[in-house]
Amino acid sequence: MAVDAHVRDAVAGGSAGRPVRTRSGEPGRGARSLRADGAWPWLFAGPLLIGVAIFYLWPIVQTFWFSFTTWGVFGGAVFSGLTNYAALLSDPQLYQALLNTLIYTLIVLLGVPIAVWLASLLNTPGLRLAQFYRALFFLPYVAMPAAIALVWRIIFNGDFGVLNWFLSLFGISGPYWISTPGFALVAVSIVGLWSSVGFSMIILGAGLKDIPSELYEAARVDGASRWRQFRSITVPLLTPSIFFVLIITTIGSFQLFDLLYAILGSSNPVLPKTMSLVFYFYSTGFIQNDKGLAAAIAMVIFVIIGLITLVQFRAQRRWAQS
Amino acid sequence: MHHTTMRRTRRGALFGIVGAACATLLLAGCAGPGDAGGDAPQTAPVGKDTAATLTYAVWDQNQVAAIKANLEGFNEQYPKIKVNVDVTPWGTYWTKLQTEASSNTLPDLFWMNGPNFQLYASNGKLEPITAEVKAGAIDPANYSKALNDLYTYDDVQYGVPKDFDTIAIWANKSLFEKARVALPTDGWTWDDFQSLSAEISHKLKAQGIYGAAGGMDGQTTYYDTIFQAGGNVISADGKTSEYDTPAAKAGIAFWTDLIASGASPSMAQLTDTGADQWFTSGKLAMYQGGSWFRGALAGSDMEKDVVVIPLPKGQQQATVIHGVANVVAANSTHKAAAQALQAYLAGKQAQQQQGDLGAVIPAFNGTQDAFTKSMPDANLQVFLDAVDYAKPLPISKNTAAWNTLEANLLPSAFDGSQPVDGVLKDLATQMDAALAKE
Numbered sequence: 335m336a337v338d339a340h341v342r343d344a345v346a347g348g349s350a351g352r353p354v355r356t357r358s359g360e361p362g363r364g365a366r367s368l369r370a371d372g373a374w375p376w377l378f379a380g381p382l383l384i385g386v387a388i389f390y391l392w393p394i395v396q397t398f399w400f401s402f403t404t405w406g407v408f409g410g411a412v413f414s415g416l417t418n419y420a421a422l423l424s425d426p427q428l429y430q431a432l433l434n435t436l437i438y439t440l441i442v443l444l445g446v447p448i449a450v451w452l453a454s455l456l457n458t459p460g461l462r463l464a465q466f467y468r469a470l471f472f473l474p475y476v477a478m479p480a481a482i483a484l485v486w487r488i489i490f491n492g493d494f495g496v497l498n499w500f501l502s503l504f505g506i507s508g509p510y511w512i513s514t515p516g517f518a519l520v521a522v523s524i525v526g527l528w529s530s531v532g533f534s535m536i537i538l539g540a541g542l543k544d545i546p547s548e549l550y551e552a553a554r555v556d557g558a559s560r561w562r563q564f565r566s567i568t569v570p571l572l573t574p575s576i577f578f579v580l581i582i583t584t585i586g587s588f589q590l591f592d593l594l595y596a597i598l599g600s601s602n603p604v605l606p607k608t609m610s611l612v613f614y615f616y617s618t619g620f621i622q623n624d625k626g627l628a629a630a631i632a633m634v635i636f637v638i639i640g641l642i643t644l645v646q647f648r649a650q651r652r653w654a655q656s
Numbered sequence: 002m003h004h005t006t007m008r009r010t011r012r013g014a015l016f017g018i019v020g021a022a023c024a025t026l027l028l029a030g031c032a033g034p035g036d037a038g039g040d041a042p043q044t045a046p047v048g049k050d051t052a053a054t055l056t057y058a059v060w061d062q063n064q065v066a067a068i069k070a071n072l073e074g075f076n077e078q079y080p081k082i083k084v085n086v087d088v089t090p091w092g093t094y095w096t097k098l099q100t101e102a103s104s105n106t107l108p109d110l111f112w113m114n115g116p117n118f119q120l121y122a123s124n125g126k127l128e129p130i131t132a133e134v135k136a137g138a139i140d141p142a143n144y145s146k147a148l149n150d151l152y153t154y155d156d157v158q159y160g161v162p163k164d165f166d167t168i169a170i171w172a173n174k175s176l177f178e179k180a181r182v183a184l185p186t187d188g189w190t191w192d193d194f195q196s197l198s199a200e201i202s203h204k205l206k207a208q209g210i211y212g213a214a215g216g217m218d219g220q221t222t223y224y225d226t227i228f229q230a231g232g233n234v235i236s237a238d239g240k241t242s243e244y245d246t247p248a249a250k251a252g253i254a255f256w257t258d259l260i261a262s263g264a265s266p267s268m269a270q271l272t273d274t275g276a277d278q279w280f281t282s283g284k285l286a287m288y289q290g291g292s293w294f295r296g297a298l299a300g301s302d303m304e305k306d307v308v309v310i311p312l313p314k315g316q317q318q319a320t321v322i323h324g325v326a327n328v329v330a331a332n333s334t335h336k337a338a339a340q341a342l343q344a345y346l347a348g349k350q351a352q353q354q355q356g357d358l359g360a361v362i363p364a365f366n367g368t369q370d371a372f373t374k375s376m377p378d379a380n381l382q383v384f385l386d387a388v389d390y391a392k393p394l395p396i397s398k399n400t401a402a403w404n405t406l407e408a409n410l411l412p413s414a415f416d417g418s419q420p421v422d423g424v425l426k427d428l429a430t431q432m433d434a435a436l437a438k439e
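Line by line, the protein sequences are chains A and B. Counting with this note's numbering, you get residues 335 to 656 for the letters of the first sequence. Counting with this note's numbering, you get residues 2 to 439 for the letters of the second sequence.
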């Protein structure tokens, strides 16, 4: 294709071709000019594309294939048809993990409205120390999940934790957060929400900056309340950013692993009732050495995230139009 | 036939690359194609002139000093064999090793543990020590039988014991004084343990101090009591679970009773704060734990308050023994050199150094005195005496599969939410299914 373009370029004649291209407007010409760029776009995009192909696309293809195989402990995959999927669908742990992941995702998604609210607060004109607050909220996002988890583990400790000490001041005797089924998932979700709000807030803050201040001035002149301004200007114009944050947060939540692993520990008795899909994948593939089944779990996660993202795209189109 | 050709070809290509690398980098210790080419040099004796570069994979950074000292001695005998020590933290050691085993790139010599041993041995990843024993380079009689058995699969021994650990009671003397009860004496029984724990927990309740802690960990808690009850976790042939036997039930009930009586913190409390942490925080009078716990106490403020007591007797006296072994990879390109290193590390001099410098009990009989002297007032001798009545850690080919089942099912017995009988029946059934797949 690149050679093709060069040949055509040469045939068209070097100097004669150029001015034509600068006179854009007709779609035909534009398309031709792109082709005439030859190998250059590919050359620049190449390093990234090769990386994506080798480290993202190829593993997906491989995983898809492996999900139809049964593995020996040290490799040697043998084709086994749909046995992995059959075993997976009849394993109650899959549904438990799916439910846990959904609950976690929903709780973490509560962080998006909170982030919209925080971002608009921080965007208030004339707010002092705005940069400082922004850095403060963003800190959890840049801190290492393992370090965060260790600190929260201490906070959540049933006998000696700060949280239960605080609750005891109000006469509430707190539960064993990280070792009681139900509470453990909530505890992990709280940390997940807390650490994702900062990132969402920065993205939304950038979106807010793009909204022309004249709109607010005009609204104020028309006598719109702050709530009305927020509802009729901020939210609709912020939709692209909100949409982006929703997708990123959902995908990130579906990949919950490190926080769960680090907060609960690998030998916590509540794990079967609390584990996420990715943790289920990890424990199947790397603790129980069943790589074929693990590949099938990975494909299920892949399809679920794909479907949810698709639904979100559809919903956004409708949302943006209304 | 086809296999052999394939391997030769790949090896040929590899030597080409290695040779080129040697030529270009002029690596002094790099073994050229001549040294490792084909099978012949592998059986040839290694000597002063043998040149090779070996990788020795381990997971404990704390032991590197002792290993370096060992390697100095080794290089006096084999000056041209260079050994690179490759430390991978425990959390990723086994995942990495499994990947290496899958691609036939295992380190020449590496640490092996009981739960993983049969997996590697049964898949032909390890080199037996038979030849070294025959040649007199290694004598299994120098190590405890339980350890030799642990690393024997189908009557062939693959690993040489490097160190070992046993289980006993770590007692906090000052808490005993505070509760005004006497320390237990040798020959005490299960009943003594239960009543003593209950008494301490009761007397010191106001301060949040417990007598003992029931745990989630098989090796330090319920495996020991199952053995003490005269039972087993897994049948001798490694094919069936013994969790549905009366002895196993007694061994598990020991802990469920302890927790139910309030003598121990609850399951949830022990998950939030491990039994060892309860002990080091001065909130637990008796911690049933391994000899490796010495590392957490030596040099701490608690050191002078601690004394070790043998485990209480059930139907019989018993403790779990486990230890790390050095194994040679079956596909090592410098097998003879790796075996020379394996044999050297198993010898008395290297083992004595391990004891003097390391945090472990060396496996070679008669080199363990350094360990007991490291905390002279704590009576660490208990851990060495325990070897006489110790049982090897229960394992099978895919130990991890049923270890996961134990971790998933037993908590509902320990926290009292389900009767022990039903849980164990369930566990035995699922474990049998897992064993049948091996």
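Check each hint, because a few of them may be wrong.
Once the Cα atoms are required to be at most 16 Å apart in a straight line, the calculated EDC-like pairs of lysine to aspartate or glutamate come out as [as the list claims (entries may be wrong)]:
#1 B:K392 to B:D150
#2 B:K314 to B:E439
#3 B:K206 to A:D592
#4 B:K146 to B:D386
#5 B:K174 to B:E200
#6 B:K240 to B:D433
#7 B:K284 to A:D493
#8 B:K314 to B:D218
#9 A:K607 to B:D192
Now the stretches of chain A that chain B is said to cover, found in silico as 3 or more residues with beta-carbon under 8 Å [stated by the list, open to error]:
#10 382-394
#11 566-576
#12 621-633
Hint data in this document are derived by calculation from the structure and do not stem from the laboratory. Glycine included, every Cβ here is placed at the ideal spot set by N, Cα and C.
Hint-by-hint comparison with the structure:
1. Of the supplied pair hints, the one linking B:K392 and B:D150 holds, its CA atoms being roughly 10 Å apart against a limit of 16 Å.
2. Restraint check: the Cα-Cα separation between B:K314 and B:E439 comes to about 34 Å, which exceeds 16 Å; the hinted pair is violated.
3. A C-alpha spacing of about 37 Å is found between B:K206 and A:D592, which places the hinted pair above 16 Å, so the restraint is violated.
4. At most 16 Å may separate the alpha-carbon atoms for a hinted pair to count; B:K146 and B:D386 meet this at roughly 14 Å.
5. Straight-line distance between C-alpha atoms of B:K174 and B:E200 comes to about 15 Å, which keeps the hinted pair within the 16 Å bound.
6. Between B:K240 and B:D433, the direct Cα distance comes to roughly 7 Å. Compliance with the 16 Å bound is thereby established for this hinted pair.
7. Simply put, B:K284 and A:D493 have alpha-carbon atoms about 12 Å apart, close enough for the 16 Å limit, and the pair holds.
8. At roughly 19 Å between alpha-carbon atoms, B:K314 and B:D218 are farther apart than 16 Å, so this suggested pair is violated.
9. At roughly 35 Å between alpha-carbon atoms, A:K607 and B:D192 are farther apart than 16 Å, so this suggested pair is violated.
10. Coverage of the region 382-394 of chain A by chain B is violated in this model, with 0 residues showing a Cβ closer than 8 Å to a Cβ of that chain against a need of three.
11. As drawn, the region 566-576 of chain A meets chain B at 0 residues by the rule of a beta-carbon pair under 8 Å; below three, the given contact is violated.
12. Interface restraint, the region 621-633 of chain A with chain B: holds (3 residues with C-beta to C-beta distance below 8 Å; minimum three).
Checked against the numbered hints given earlier, this structure breaks hints 2, 3, 8, 9, 10, 11; the rest are met.
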